[in-house]
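Generate coordinates for the entire structure from the input sequences, incorporating the hints supplied.
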Amino acid sequence: MARGGWNVSTRGVRDAIRRAGVVRNELVRALDNETDSASMRVVNEARVNAPRLTGQLANSIDIYEKATMRRVVGSDKPYAQRQEYEHASRKGFFRNALWKERSVFRKNIEKILRSIGR
Amino acid sequence: MLHALTWSLIEHLRNQVPEANDVVWVYDGVSLTGRTKPFLTVEQMTGNSESIAAGRLDYEDIFRFQVGLRSRNIGERSRLTDVVKDVLRQPNIPLYDTRIFPPTEEGVFVCDVKRVVPIQAETTEDETNRHRVYFDVEVTVYRRNADGLNFNQ
Chain A
1 MARGGWNVST RGVRDAIRRA GVVRNELVRA LDNETDSASM RVVNEARVNA
51 PRLTGQLANS IDIYEKATMR RVVGSDKPYA QRQEYEHASR KGFFRNALWK
101 ERSVFRKNIE KILRSIGR
Chain B
1 MLHALTWSLI EHLRNQVPEA NDVVWVYDGV SLTGRTKPFL TVEQMTGNSE
51 SIAAGRLDYE DIFRFQVGLR SRNIGERSRL TDVVKDVLRQ PNIPLYDTRI
101 FPPTEEGVFV CDVKRVVPIQ AETTEDETNR HRVYFDVEVT VYRRNADGLN
151 FNQ
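Going down the list, the sequences are from chains A and B. Counted from 1, the first sequence has number 39 at position 39 by the numbering used here; the numbering is strictly sequential. Counted from 1, the second sequence has number 55 at position 55 by the numbering used here; the numbering is strictly sequential.
Be a bit skeptical, because a hint or two may be false.
Stated by the list, open to error - Below 25 angstroms or equal to it, Euclidean Cα-Cα: the simulated PhoX-like pairs (lysine-lysine) are: (1) Lys-114(B) - Lys-77(A); (2) Lys-114(B) - Lys-91(A); (3) Lys-107(A) - Lys-114(B).
Bear in mind the hints are in silico, worked out from the structure with no lab data behind them.
Quick look at the structure:
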């Protein structure tokens, strides 16, 4: 179980899914795939940004929970949160990855919603 | 804009959290050792900026701060966590124009408190780092580029 994991999930698309009718499953699958890609991008970016002594912290960053259109990304190391908030030069390594991904994720979701059912 | 927001946030916390002995603006080289607890810290974090209209004139700017609370004991930490959270969520935080001296009140802004994260001390001997908690604070503004302190939220 991740300690203090972050959620990567699609919100506000319920209406679109309800109205999608026959392409509902296709839409859900596309959104779920995008959520998965987004969370993997967060994982990779956070690993690159993470402070390294032994590499254990960077390696521990992963997806810890999966549900439809929802992923929990985090680390199981007890010191991960402390490093995230207080590391001298690399604090925010995780949040930076998440913030960077936010606009990309939002744009990709928009693209999917526009393209589906055409 | 960033300086005005940071200054205003610090001023707001100073005025609204009288229990805190100090509000420290954290940047490179600032030491927290030896300060009288409880005190607060404010630190700039990575922001986001996105063009939201054709012509590259209008932007959504997200300013992020990491507000820290260091307290003397767990009871104080729990009490002050609520106080600080409520203060940060207040709907009308005064925004000061810091381009002039003394800074004058220009308008108001709102903050979002995204997360409240308690951190465990590495060792109990390290008095400075015991009983601390961080607040992830975001200020989202919509504004025209280079338009001073004019913005919408």
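Output the indices of the hints that this structure fails to meet, ascending.
Of the numbered hints, all hold.
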